[in-house]
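All chains should be built: construct the whole structure from the sequences, respecting the hints.
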Amino acid sequence: MDNKEYYLDDFVDYLNKNDKSSGTISTYTTNINDFIKYYTESYGEKFIPGNVIMMDLQDYRNYLLNIKRQKASTINNKIAALKEYFYFLQSHSIIKNNPAENLKKIRTNKPTAPKGFSDSDFRKIKRYVYRSQKILWIVVFELLSKTGVRVSELINIRLCDITINDRSGNLRVIGKNQKERNIPLHLDVRKAIISYIEERDKMSISSDYLLISERKRPFTRSGIFKMLKRWENDTNIKIHPHMFRHHFAIQVLNTPNADINTVQYLLGHESIESSAIYLKVRQEDLEKSINALTDY
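Taking UniProt numbering, the leading residue of the sequence shown gets 1, the next gets one more, and so forth.
Hints listed in this document are in silico derivations from the structure and should not be mistaken for laboratory results. Hints may be right or wrong, so weigh each one.
Only pairs whose alpha carbons sit at most 16 angstroms apart, straight line, appear in this in silico EDC-like list of lysine to aspartate or glutamate [claimed, not checked]:
#, residue 1, residue 2
1, K126, D234
2, K20, D9
3, K104, E84
4, K68, D34
5, K37, D19
6, K226, E214
7, K20, E153
8, K105, E153
9, K20, D34
10, K83, E101
11, K124, D234
12, K176, E198
13, K179, D19
14, K134, E41
15, K134, D10
Computed Cβ-Cβ distance ranges for the label pairs, DEER-style [stated by the list, open to error]:
#, residue 1, residue 2, range
16, D59, D259, 19 to 27 angstroms
17, H240, S195, 24 to 32 angstroms
18, D59, R217, 44 to 52 angstroms
19, H186, N51, 35 to 43 angstroms
20, L65, N177, 46 to 54 angstroms
21, G44, L159, 56 to 64 angstroms
22, N102, E232, 40 to 48 angstroms
23, G50, E232, 26 to 34 angstroms
24, D208, L65, 19 to 27 angstroms
25, S21, I194, 28 to 36 angstroms
26, D234, I174, 51 to 59 angstroms
27, I164, Q58, 48 to 56 angstroms
28, N261, T235, 32 to 40 angstroms
29, R158, K126, 20 to 28 angstroms
Ideal placement from N, C-alpha and C gives every residue a C-beta, glycine not left out.
Put into structure tokens, the structure is as follows:
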């Protein structure tokens with residue numbers, strides 16, 4: 001595939017200049033390459049960005065939905081990448097018209113919140129982690145479950161971002177778009193951090209990153225995912241880091257003094273709409289309600 005001819009290298013530079021994360025850039029380029037492959041195989045012609053029309057994108061959307069049977073969220077992510085790509089091409093005068101400008105995403109109307117843990121599964125995972133007596137595991141578990149941080153934020157926590165006093169604590173997080181937020185630290189998190197730092201100090205670490213691997217290097221995303229995969233295999237419970245984030249948001253909303261604005265701030269969401277989904281009922285709650293109905 002000719003990246004130069006498709007301007008993918010320039011597109012990556014554009015995304016970097018707009019401060020997109022490495023994960024977003026990787027996903028966008030993969031999605032663009034998938035569309036290019038679909039285009040050449042479907043139309044039997046060389047992919048030239050300027051030859052793409054909106055009908056091609058609509059056909060691709062229908063192909064993903066009706067043939068590949070992909071989820072709406074997956075398709076919408078691909079559409080977002082295509083919109084960004086063609087906007088870049090037009091704004092740099094590479095193409096005259098943007099075929100993706102008015103391309104609509106798949107509408108969804110699911111009354112379900114993001115998938116989180118059931119209370120029983122969460123307790124099982126917590127018990128498994130604490131029984132391991134691994135201080136690193138415990139601090140990762142507590143940070144994920146009681147601060148709602150993303151993995152990218154978790155691995156970038158530095159010692160100077162943490163403040164712990166006798167009865168309180170605070171975590172400074174730099175989130176997406178370099179947006180700062182301050183998260184109060186639950187007692188369990190403070191205890192876990194203090195215990196971990198005591199162990200960490202014995203390793204003579206020079207790095208100022210909080211989480212350090214066995215090789216005495218800052219943790220990476222893959223390192224955290226490998227850790228969670230171990231938990232998943234040993235507990236036989238599906239575990240994804242975002243599930244801790246969802247669990248945290250739901251627990252916050254269940255507290256007396258919290259509202260959707262609290263969740264928006266704590267999770268670092270840009271818009272209130274991103275947080276509003278946690279107000280929707282969960283599928284398991286729907287099922288419980290239906291199963292509780294008496295004959296009528």
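Hint check:
Distance restraint check for K126 and D234: the Cα-Cα separation of roughly 12 angstroms lies within the 16 angstroms cut-off, and the hinted pair is therefore satisfied. For the given pair, K20 sits about 14 angstroms from D9 by alpha-carbon distance, which is consistent with the 16 angstroms threshold. Between K104 and E84 the alpha-carbon distance is near 13 angstroms, which keeps this suggested pair within the 16 angstroms criterion. Note on K68 and D34: the hinted pairing holds, with a Cα-Cα distance of about 13 angstroms set against a maximum of 16 angstroms.
Of the supplied pair hints, the one linking K37 and D19 is violated, its CA atoms being roughly 27 angstroms apart against a limit of 16 angstroms. Taking the CA atoms of K226 and E214, the gap is near 13 angstroms; set against the 16 angstroms cutoff, the hint holds. Between the alpha carbons of K20 and E153 the distance comes to roughly 14 angstroms, so the proposed pair stays at or under 16 angstroms and holds. Note on K105 and E153: the hinted pairing is violated, with a Cα-Cα distance of about 29 angstroms set against a maximum of 16 angstroms.
Of the supplied pair hints, the one linking K20 and D34 is violated, its CA atoms being roughly 20 angstroms apart against a limit of 16 angstroms. Annotation: proposed proximity of K83 to E101 holds, straight-line Cα distance about 7 angstroms (limit 16 angstroms). For a cut-off of 16 angstroms, the pair hint linking K124 to D234 stands: about 11 angstroms separates their Cα positions. About 30 angstroms separates the Cα atoms of K176 and E198, which puts this hinted pair outside 16 angstroms; it is violated.
Between the alpha carbons of K179 and D19 the distance comes to roughly 12 angstroms, so the proposed pair stays at or under 16 angstroms and holds. Distance hint between K134 and E41 is unfulfilled; the C-alpha atoms sit about 51 angstroms from each other, more than 16 angstroms. Proximity of K134 to D10 is assessed by CA-CA distance (about 45 angstroms); at most 16 angstroms being required, the pair is judged violated. Taken as a hint, the range 19 to 27 angstroms is violated for the pair D59 and D259, whose Cβ atoms sit roughly 43 angstroms apart.
Taking 24 to 32 angstroms as the suggested C-beta distance range, the pair H240 and S195 conforms, at roughly 26 angstroms. For the pair D59 and R217, the beta carbons lie near 47 angstroms from each other, so the given range of 44 to 52 angstroms is met. Checked against the hint of 35 to 43 angstroms, the C-beta distance between H186 and N51 comes to roughly 56 angstroms, which is inconsistent with it. For the hinted restraint 46 to 54 angstroms between L65 and N177, the CB-CB distance of approximately 31 angstroms leaves it violated.
The given range of 56 to 64 angstroms is respected by G44 and L159, whose C-beta atoms sit roughly 58 angstroms from each other. For the hinted restraint 40 to 48 angstroms between N102 and E232, the CB-CB distance of approximately 42 angstroms keeps it satisfied. For the pair G50 and E232, the supplied restraint of 26 to 34 angstroms is violated, since their beta-carbon distance comes to about 46 angstroms. Here the CB-CB span from D208 to L65 is close to 47 angstroms, at odds with the stated 19 to 27 angstroms.
S21 and I194 have their C-beta atoms about 31 angstroms apart, which keeps the hinted 28 to 36 angstroms range intact. Checking the proposed 51 to 59 angstroms range against D234 and I174 shows it is violated: the Cβ atoms sit about 32 angstroms from each other. Distance hint check for I164 and Q58: the Cβ-Cβ separation is about 54 angstroms, which falls inside the suggested range of 48 to 56 angstroms. Between N261 and T235 the beta carbon distance is about 34 angstroms. The supplied range of 32 to 40 angstroms therefore holds.
Taken as a hint, the range 20 to 28 angstroms holds for the pair R158 and K126, whose Cβ atoms sit roughly 26 angstroms apart.
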